[in-house]
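Respectively, the protein sequence lines represent chains A and B. Sequence positions in the first sequence follow the numbering used here and run 3 to 113. Sequence positions in the second sequence follow the numbering used here and run 9 to 471.
These are computed hints drawn from the structure, not numbers from a lab. Note that the structure is predicted; figures quoted are calculated from it, not measured.
Below are the SDA-like pairs computed for lysine to any residue, each with C-alpha atoms no more than 25 Å apart in a straight line:
# : chain 1 : residue 1 : chain 2 : residue 2
1 : B       : Lys30     : A       : Glu40
2 : A       : Lys44     : B       : Arg270
3 : A       : Lys110    : B       : Lys30
4 : B       : Lys30     : B       : Thr377
5 : B       : Lys469    : B       : Glu340
6 : A       : Lys112    : B       : Glu373
7 : A       : Lys110    : B       : Pro371
Some, not all, of what chain B presents toward chain A, calculated at C-beta under 8 Å:
#  : residue
8  : Pro35
9  : Asp59
10 : Gly119
11 : Ser251
12 : Asn362
13 : Thr377
Glycine residues also receive a C-beta, built at the ideal position from the N, C-alpha and C atoms.
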Amino acid sequence: MLSHAGNKRCIDKERRPVMGDFVDILTIFVLAILVGFEVISKVPPTLHTPLMSGSNAISGITIVGAILSLGMQHTTLTAVLGFVAVVFAMINVVGGFLVTDRMLGMFKRKE
Amino acid sequence: MSLAVINVAYLVAALLFIWGLKELAHPRTARRGNWIAALGMLIAIVFTLLDQQVLSYSAIFVALVIGSAIGAVLAMRIRMTAMPQMVALLNGFGGGASVLVAGAALIEAVGIAERPVTLQLTIATAASGLIGAVTFWGSLVAFAKLQEIISGQPILLPARHAINAVLAVVTLALSVGVVAQPENMWLYWLVVAVASVLGVLTVIPIGGADMPVVISLLNSYSGLAGCATGFVLNNNMLIIAGSLVGASGIILTQIMCKAMNRSLPNVLFGGVGVVAAGSATDEIYAGRIKAATAEEIAMLLESARRVLIVPGYGMAVSQAQHAVRDLVRLLESRGTEVAFAIHPVAGRMPGHMNVLLAEADIPYEKMLTMEEANPLFEQTDVAIVIGANDVVNPIARDQASGPIAGMPILDVDKARTVVVVKRSLSPGFAGIPNPLFAADNTLMYFADGKKAILDLINALKDL
Chain A
3 MLSHAGNKRC
13 IDKERRPVMG
23 DFVDILTIFV
33 LAILVGFEVI
43 SKVPPTLHTP
53 LMSGSNAISG
63 ITIVGAILSL
73 GMQHTTLTAV
83 LGFVAVVFAM
93 INVVGGFLVT
103 DRMLGMFKRK
113 E
Chain B
9 MSLAVINVAY
19 LVAALLFIWG
29 LKELAHPRTA
39 RRGNWIAALG
49 MLIAIVFTLL
59 DQQVLSYSAI
69 FVALVIGSAI
79 GAVLAMRIRM
89 TAMPQMVALL
99 NGFGGGASVL
109 VAGAALIEAV
119 GIAERPVTLQ
129 LTIATAASGL
139 IGAVTFWGSL
149 VAFAKLQEII
159 SGQPILLPAR
169 HAINAVLAVV
179 TLALSVGVVA
189 QPENMWLYWL
199 VVAVASVLGV
209 LTVIPIGGAD
219 MPVVISLLNS
229 YSGLAGCATG
239 FVLNNNMLII
249 AGSLVGASGI
259 ILTQIMCKAM
269 NRSLPNVLFG
279 GVGVVAAGSA
289 TDEIYAGRIK
299 AATAEEIAML
309 LESARRVLIV
319 PGYGMAVSQA
329 QHAVRDLVRL
339 LESRGTEVAF
349 AIHPVAGRMP
359 GHMNVLLAEA
369 DIPYEKMLTM
379 EEANPLFEQT
389 DVAIVIGAND
399 VVNPIARDQA
409 SGPIAGMPIL
419 DVDKARTVVV
429 VKRSLSPGFA
439 GIPNPLFAAD
449 NTLMYFADGK
459 KAILDLINAL
469 KDL
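Please work from the sequences and hints to get the whole structure.
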């Protein structure tokens, strides 16, 4: 815990959701890309459309940033940007997961 | 809620995303996987709402409800044939959200004393704005083309490469400006504006059959834009989720390019060579085309033991998938073995045909990939091609040059008899004649896809 060190940088570290040095975050990025390649390459071609819509829903994760900007209401402009971003991202999340479920529900085995 | 708890929740969400995608490895587990990922998203959203930076909830809930309602209506209403448009639209919203979130984050960082304006933040903000705007506008153009609001044909501007190159350089220069002077917000919005034009102009020259590549690429961009936003917000979960989507789009793009034997730059910048087909077409087709009636084909099918059906975009256009399913059931009830051979770029997006066939209750075991199907054609009595053209053109295999040379194809010409359901002899997207139509073992069945199959079913029943 660095929060009471009294130095501005450390206060900031505690305040932000996830904080790390650039190299740490870059490491996570590179590892996540590798995991992504590993996992996605196992998805069979028959499921490529649901894969796209499902991964689209996941890319709606920017909603996290949008909620913070809207909830913080730093300025009117940031609140408006946050609002539209929440709407956009939520369309992605709800639309993406639901349409993927609809499609996957149709993939059936031989009786 | 303490930040440590929120961060653990984010870690759980990221793991659920990975786990969910892993379950997509098989149609049996895929549906569960989708819900696992959705659970991850729910956890991420709920714990973000508990963050103490969130001061007011009313606006958030209004936005959440509006977005959910639009998303739910879209998801429930969209027709399976329109799925490429839907995915294009979703890609666009993802990119748009990244632009807005990064913009807001930059304003906050400049305005709030405790937030350091680091190099990571400014570079990532510029990247989010750039990639996000290209994704948003590129996806809207792709959507408009697929929905046929604008022509699906390539729209080629004069000097488009020069224009795009200039725009790209300007965007990059403005991005450097954002990094150097983050307090000048207008620089960021300029990046977004110029990147928007770039997004429109890069997708507008790309035509119908190349759409699978474009949609895959935009899918990847929407992930990378999310990733860049993760760097802006210093949020590991965003980076992990964005990377997964980015990787997925890149893999699909590669598969699509390979299936067309074209490089990505060729698809994006090459345009499609408009081939003057005229005399060559006559030479190939003259006197060699054999047209058949539904009755003749029905007799052929009656004695067939194995039938392979090759669907293409034309099947989607004429909504023939349900009629095809009825034909399959009828043939199977007579002891014929039927399966589908699906080319990776058949349709307008990866897996497009599979979704349509699944909608028509065709079990997924019957949907064969090109690699699985090709060895089977030699032992196939009848191959039925419905609405596919370039992906079954033997020129791709047999000639060393030309617009589709080297493209892997479905070897339908090796089947004992080939039936091609097609309205006319018009060329496919590549604009070249198809010698398959004139082959000795090919029968042309000139009709609209759906009507053709319905007539065939009736003819079979009458035998």
